Amino acid sequence: MNFYALFAQLLELVVALVLAPILNGWINMCRAWLQNRSAPPLLQTYYTLSKLFHKDVLLAHNASTLFRAAPYIIFSCMALAAAIVPTLSTDLIFAPAADAIALVGLFALARVFIALAGMDVGTSFGSLGSRREMFIGFLAEPALLMVFFTASLISRSTSLSTIVETLAHREFVIYPSLAFAGVAFTMVSLAENARIPIDNPTTHLELTMIHEAMILEYSGRHLALIEWAASLKLFAYSCLGIALFFPFGIPEAADPLSLALAGATLILKLAVGGFVLALIETLSAKMRIFRAPEFLGTAFLLAVLAMLVHLLLETGQ
Amino acid sequence: MRQLLLIDWVLITALGWLAIGLVGIVLPRNFALISRYLFPLGAALALVLALLALAAIGAAPQVRILPLGLPDLPFHLRLDALSAFFLLLLGATAAGISIYAAGYLRPGEGTAPGLHCLLYHGLLASMAMVMLADDGYAFMVAWETMALCAYFLVASEHRYAEIRRAAYLYLLISHVGAVGILLAFGVMAGSAGDYTFDAMREFSSNGYWPSVAFLLALFGFGTKAGILPLHVWLPEAHPVAPSPVSAMMSGIILKTAIYGMLRVAFDLLHVQLGWWGVLLLVIGLASALFGVIFAAVQTDMKRLLAYSSIENIGLVFVGIGLALVFKSFQLPNLAALALTAALYHCLNHAFFKSLLFLCTGSVLHATGERNLGKLGGLIHHMPWVAWLALIGALASAGLPPLNGFVSEWLLLQGFLFTAGLPHGYLNMLLPTVAGAVALIAALAGFAMVKFFGVVFLGQPREEKLAQAHDAGRLERLGLLWLAAGCVLLGLLPNVVIALLDPVTRQLLGGGLSYTAASHGWWLLAPISEDRASYSPAIFLVSIALFIPLVYWAVRRYYHGRLTRVAAWDCGFPLQTSRMQDTAEGFGQPIRRIFSPFFKRTREHPSPFDTQPRYRSIVEDPLWYWLYLPVARLVEHGTRLIAFLQQGRIAIYLLYSFVTLLTLLVLTRG
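So the sequence lines, in the order shown, correspond to chains G and E.
Going by the numbering used here, the first residue of the first sequence is number 3, and it counts up by one from there.
Going by the numbering used here, the first residue of the second sequence is number -8, and it counts up by one from there.
So here's chain G without its partners, still in its complex pose:
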């Protein structure tokens, strides 16, 4: 454990906490432009968060301690997730603490807590949202894990740092399997982050809500933490996508120069990724909830196909 690794780890965490709401704002901006609306400012998410932090919490009478603790737990899980994904360097302190499978577990932990919180007050919409969230979750998780499996079969490791090092720094080989896995990963990310076509982050119609329905009872600082955690989750997924499919430019070392360079590359990649996400959201329509199994089933099959393609074509030599 050296000083640079510690520094890179802390920097990565701070960058994630700062950049996540901005990424959210950027996606909203792009979406507004694509839809011919006038865009909100880039820092709009920050303004919303600040407003929410200043407001009083209105808590339902029968909300339990679990309901009040859940936002802190979810936020911490997402912050840890964002710290685990290598974005600026692969030389991180947390790198050996959790591999890709543990990351999936961490996301699942946060999901279970938010679903439980949704059921806690005992309203009709809350439990409806929880049920749907868990439903999307169990469809998406296997597909996500298969994507990770494909990447780990290529790099012979489930450690995210090793995966990134293998994919980014060894001789350049085109992996057809990664193309399939990339499509699968995109589909899973859309579902997991409550984006169109599975869920609509800006919806105001309760009956179609998934993520928003669960958090209807939250207000004030609790809501702010959950919103922040949601943007951290999107950030973590974006960084995962970058780490698995466009890892070029993530340095192995953690000296200041390469960190700065990596930071610039990261922002550029995130900007492009955010624009693509906005484009996908603009071009597609929300599905009925029971079309979700088909959507995520396709993602799972693509991920399995990616693995088979890898085993058939890429290990033969």
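Hints may contain errors.
DEER-style ranges, computed between Cβ atoms [stated by the list, open to error]: (1) 281(G) to 595(E): 25 to 33 Å; (2) 593(E) to 12(G): 56 to 64 Å; (3) 57(G) to 150(E): 28 to 36 Å; (4) 567(E) to 37(G): 38 to 46 Å; (5) 16(G) to 595(E): 55 to 63 Å; (6) 303(G) to 610(E): 25 to 33 Å; (7) 303(G) to 153(E): 41 to 49 Å; (8) 564(E) to 49(G): 28 to 36 Å; (9) 303(G) to 595(E): 47 to 55 Å; (10) 570(E) to 207(G): 12 to 20 Å; (11) 37(G) to 564(E): 34 to 42 Å; (12) 266(E) to 281(G): 49 to 57 Å; (13) 40(G) to 594(E): 49 to 57 Å; (14) 619(E) to 289(G): 38 to 46 Å.
Covered stretches of chain E, going by a simulated chain G footprint (3 or more residues, C-beta under 8 Å) [what the hints assert, rightly or not]: (15) 90 to 104; (16) 273 to 282; (17) 409 to 422; (18) 536 to 548; (19) 555 to 563; (20) 566 to 572.
No lab work stands behind these hints, which were simulated from the structure alone.
Here the structure is a predicted model, which is why all the values come from computation and not from measurement.
Ideal placement from N, C-alpha and C gives every residue a C-beta, glycine not left out.
Use these hints to put chain E onto chain G, whose structure you have.
This is chain E only, laid out in the frame that chain G set:
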């Protein structure tokens, strides 16, 4: 006098349990004695057993011959690493269950307390004997004693017809399974007629006999373990037993079947064939998927947990199957990885499932309800039970940093290596099976959210739930012990793997301990750090640090103002507790997606009904496709045979005469 060995002390502990049971039956009406002294004493003995087993895991095997039983057929006993591990599981889990049972027993409920005490401790002692037995005869005696004790415990509330029915079903299937085990021993003993396990180890016929023995053992132990399609008794019998007994059945008795399977497959049989592994994998996966899907649609909280046990046992079988596959390709270290995952999951399941069953026991005592549709909001009235149940539910859902996650992580790591198998199809099919395992784990999360959310969260669905009381002091102690086990087993994987190491070395000749421990106690890296690593300690510490930090930061820079108001629910004012999602509602997506798995009958009211009724019954289709036809066949067969029974003495004399004649004709030549 000879020095007492560990095995003697284990025997003394088992005898101690028997003695406790006998004291209980001698003083059957002395409730205070039984609940205040005998059960806690039993728990203390369980703890002693766990410590003895801990000492025995690393020690050399010890043998003893007890001059019990039939003449010339003494009981052979043996304590080796495999039995020690399962004795550890038995002791550690039973300690929590017994101390809980001490607080849980109520006078006037079910069986008389003295009899209950005898059966309960007889069950514990017989399970210990199952794990010590070193010959087929002692094994079967202990095995049948265990089954009978469990049967009488299940039938505690024998005044209800459906409980009698469930207990009978358990007894029936258990005995059919015992026949399978007996035949397996018979095959392995060969023609020599020596039923000691030592003689079976020597049995080295290379033809199809090992496979026959393996399949018979799979059938026999499979009935006890509740794997598909031999599972039907499990969701009937586990829920109707008193909760400590349910906990023991799910937590420990199912593991005796795993023990038997491992003993036969890896220790007694001298060859391990690849297709056995594939068979176990397929059966395990089918059971796990079936179990978790049915768990997600249950409306009775104990049935939900029983189905979840089928799922977990399925996962253990997947691990064993994977180990067999690796073993058959001569990859002992990878086999050790898979077997470690399976054994670890046994231990985890014993802890979290007992914890959850005991929590349902407290809920049952506090509310008198098992039906999920009539519970809700109990976290306010039973905070201890609720929070400890949350630990159990998270562990059962396989979430980090608790114990369920570690074994699933190890299992998935095992699957990653299947791509390197030197076999054309297996190396492609097996990695994709990992996707199914991931689906099962995610579905387990769904089922556990349903279980915890519907029972403990939300608004109470019945008025009387407001009077629910929390668990008593002894009950809490038992729950705390099991919950602490879930946390510690999750946090210290390397310690557990070091414990499992002698077992995998004994069965496979390979172990993980060396590589796993080479990175320090906090980092689990089964093969190498580059390949994969997981550190639950860092995980928990960082989350535990983040949470207060965030809390402090929010409070420091903003404020802590909070107002209690009515729930918002989009401004809808007329909310009742009936508007929450029910257990049926929560299971609806599963019923819809996995509809081919279910046999479903629905009754819809017509629009003009004055008293509309809506009913939806979800049943196990195997009951109709497999069990009822078999039962009908057996009934038909018996009716044909009953034709012989004419009830007239002349006919019976004729039978004897014909038999004599036939025998004379046969022996003449």
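Hints numbered earlier in the text: which of these fail when held up against the supplied structure? 1, 3, 9, 15 and 16
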